[in-house]
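Trainee: Line order of the protein sequences matches chains A and Y. Read left to right, the first sequence gives residues 71 to 504 (this note's numbering). Read left to right, the second sequence gives residues 7 to 390 (this note's numbering).
A couple of the hints might just be wrong.
Taking beta-carbon pairs under 10 Å as the criterion, some of the chain Y residues facing chain A (in silico) [what the hints assert, rightly or not]:
#, residue
1, V44
2, C76
3, G97
4, K306
5, L333
If you're looking for bench data, these hints aren't it; they were derived computationally from the structure. Idealized CB from N, CA, C, for every residue including glycine.
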Amino acid sequence: MSDAVLVIGGGIAGIQASLDLADMGKHVYLVEKSPSIGGRMAQLDKTFPTNDCSICILAPKMADCYDHSNTTILTYSEVKEITGSAGDFTVTVLKKARYVDAKKCTGCGECTEKCPAKAPDLFNMGLGTRKAAYLYFLQAVPRVALIDQEYCIRMTKGLTKDGKPRCGVCKDVCQAGAIDFDQQDEEITLNVGAIIIATGFDPYDPTSLTEYGYRRYKNVVTAMEYERLICASGPTGGHLKRLSADDRDPKTIAFIQCVGSRDLHHNKYCASVCCMHSTKEAILANEHDPEIHSYIFYIDIRASGKGFQDYVARAKKEYNVTYIRSRVAEIAQDAGENPVIWYEDTNSRQVKSMTVDLVVLATCMVPRTDAVGLAAITHTALDEYKFFQTSPLAPVDTTIPGIFACGYCQGPMDIPESVAQASAAAARAAEIVS
Amino acid sequence: MSLEDIIQETKTFYCLDCGKCTGLCPVSRYNPAYSPRVMLENALFGFQDDLTYNHDLFSCLTCYACSSKCPGDVDYPLFIQKARALALDAGQHGDCAHSGTVQSLARLMSNPGVSQNRLEWLSDGLRISTQSDTMFFVGCAPYFEHIFDFDSGAIDAVKASLKILNHCGIEPVVLPNERCCGHDMLWTGDVETFRRLAEHNAAIIKEAGVKKIIFSCPEGYRTFKEDYPKYVDIDCELQHISEFLADRIAENGLDFSEVKRKVTYHDPCRLGRHLGIYEQPRKVIAALPGIELVEMEHNKEESLCCGTSAFVNCDSCSKQIRVDRLLEAKATGADTLITSCPKCQIHFRCAMTNKGEEKGPDVEIEVMDLVNLVANALGDGHNE
């Protein structure tokens with residue numbers, strides 16, 4: 071028997087569940103795949119319907135979670151195997167080598183500054199580059215650098231003719247002596263009484279909706295890319311720009327709803343948050359530049375949460391946002407790399423085209439690609455969309471006793487709902503380990 | 007079949023009323039009165055007369071641009087096909103192009119007593135046999151050759167196909183009493199004529215005892231593959247010549263002479279969105295040494311229709327669609343527009359004659375069937 075709990079996924083749901091349990095006096099192992107906790111919420115600029123700065127309300131929770139005496143945070147780590155049953159699970163975790171000694175690193179950023187190798191910046195959705203020696207993002211927790219072995223010159227290029235490594239700048243400049251090229255992946259065995267799955271979502275790749283020209287046209291971006299583009303810590307420092315070489319500030323933005331959701335060819339379900347996040351993104355655009363006029367192309371506006379309908383009304387009234395009832399048919403591009411939207415205005419029953427500066431695709435959100443692997447490891451069932459299966463009167467219980475699921479990994483929901491579920495999952499887990 | 011049955015069969019009730027179909031429809035771009043979404047809306051409300059007496063019911067190109075992207079996966083072209091049968095019962099048949107000649111010929115051919123001089127074009131050392139396991143389905147090309155007052159290119163494509171098959175060591179069966187496949191009859195609602203044509207073709211093919219049928223016309227191919235099984239039994243392997251060629255090229259390669267052309271490829275709706283064949287014609291083109299293939303803005307799944315289907319409701323809107331497509335082809339800088347369908351070729355060639363206009367837009371581009379391109383590269387320059 072163990073009175074500890076394993077939480078898989080360090081987004082807002084995993085953080086909340088960990089905090090609740092830690093406050094109850096239970097020991098929590100939080101395993102996060104990426105180099106920092108924070109998850110998708112850390113990538114958002116603001117949250118609806120209050121326009122709170124996302125990282126500003128999340129960062130204190132990240133810090134509390136990390137600093138709590140009852141938590142062990144294992145970042146850059148993955149769950150490999152689980153055996154046992156409720157009350158007594160044995161978990162094998164692979165802790166990947168960061169090539170940086172976490173105990174010594176001060177997070178000063180000197181290695182990053184001097185590192186000569188560049189890599190795509192995944193935290194910024196691949197917009198822009200970062201260094202091979204890097205902090206996952208500005209507010210990363212733990213504030214420990216790591217070296218990307220796929221891009222590090224020393225690790226990819228081999229030795230010179232006279233048998234010397236080709237690079238080692240980071241090691242030379244690190245005053246804490248934290249760089250350790252000999253660090254190895256580690257396997258850690260944990261004994262826990264309950265498990266909470268909180269692995270969240272991936273944005274759906276809209277490339278297969280060829281009619282929308284994503285990747286073909288530079289000024290067609292996804293909502294997650296837009297969040298980074300408008301965020302002060304993003305690749306443009308929060309200066310909202312087009313991605314075409316002209317670098318122009320957009321003045322008209324079209325938000326396309328239901329991209330890959332509510333669609334029998336893609337994902338049948340409604341992703342539940344896109345109506346609101348597009349409304350928020352359109353409001354933010356106008357706050358950045360009052361000349362910006364946004365158009366939101368929708369089928370139905372699903373503003374069903376607290377304060378949501380008011381938020382939509384305010385967008386229309388105060389932030390120059392026009393809602394057009396239509397599912398956009400096709401996006402073309404004119405000679406100036408401006409997206410041209412073709413659609414039927416279903417209210418006026420007319421086929422129209424509209425040339426805009428930027429298109430934002432509200433893509434569906436789908437379970438993380440490794441949900442299937444995790445389901446196999448935990449023996450839990452997934453539903454037809456690969457969300458963890460739960461039931462209406464046990465909404466955080468998976469099909470295996472002692473294993474719970476909260477947040478977007480078990481179905482479409484927004485941040486407050488994910489947090490509420492996280493607390494519910496924490497309470498259910500506590501019943502087992504008490 | 008009642009309107010209710012049609013709604014059930016085509017899953018029209020899945021319509022989200024989102025307008026994606028109408029936004030994608032090439033006809034709706036030029037004909038503001040026409041909206042697939044409103045057509046379905048009328049059907050779902052039970053306004054049958056608004057459907058059957060609507061002239062635009064026959065304007066749909068059944069090109070599948072709408073349905074291939076429909077979030078509700080409503081089969082709109084099938085809905086149209088069935089609704090046209092209702093309309094025909096009510097005496098509505100759309101405006102038949104070319105004085106209704108094509109439709110009349112199909113109806114004449116459905117009479118089993120009519121004898122045709124179908125193989126007149128067979129010459130120039132092209133070899134056929136009565137013993138082969140493989141049949142080549144000619145389709146309506148011998149008639150197209152005489153209907154239009156411009157060079158339709160249809161019979162040349164048939165000759166080129168035969169040359170290719172001969173070159174590959176196949177002397178196919180070509181039946182002298184073959185009939186129209188019935189495609190246009192089915193898609194304009196004349197199910198009875200279609201059924202007669204299908205039964206006739208099925209009977210003579212069975213009698214010929216062939217095991218495989220190769221088509222150069224994607225409409226015939228689609229009809230045999232998708233529609234015949236609902237009416238008759240064709241126990242043969244079916245293949246479009248682009249699939250046949252792609253297989254041959256992959257198996258042992260074919261010796262082609264150099265083709266100094268920059269080409270763009272127009273996906274016929276029947277071959278592309280109807281049957282999902284996008285890669286084989288491109289593989290065939292890519293196998294020709296020296297050729298350069300450039301894509302138009304709308305290609306593969308997004309390819310635009312040639313503007314008319316089943317030779318019905320061909321109007322200024324159709325012309326505009328063709329002109330747009332030709333302009334897209336021109337914009338690629340290609341010198342040749344390759345297609346794989348006799349009707350696409352006819353429609354593009356017609357648009358370039360600029361009928362009814364003193365000075366048409368500059369849309370001149372050489373239009374050629376894929377089989378002619380390939381046959382020309384097979385050595386003796388027979389079809390140059």
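Trainee: If a hint holds in the structure, say so; if it does not, say that too.
Mentor: Now the hints, each set against the structure:
1. Given the 10 Å rule on beta carbons, the hint for V44(Y) holds: about 6 Å separates it from the nearest Cβ of chain A.
2. Interface restraint check for C76(Y): the shortest CB-CB distance to chain A comes to about 8 Å, inside 10 Å, so the restraint holds.
3. With a least beta-carbon distance of about 28 Å to chain A, the hint placing G97(Y) at the interface is violated under the 10 Å criterion.
4. The restraint placing K306(Y) at the interface with chain A holds, with a minimum CB-CB distance near 8 Å, inside the 10 Å limit.
5. Taking 10 Å as the C-beta contact cut-off toward chain A, the hint placing L333(Y) at the interface is violated, the least distance being around 13 Å.
The structure fails hints 3 and 5 (numbered hints given earlier, in ascending order).
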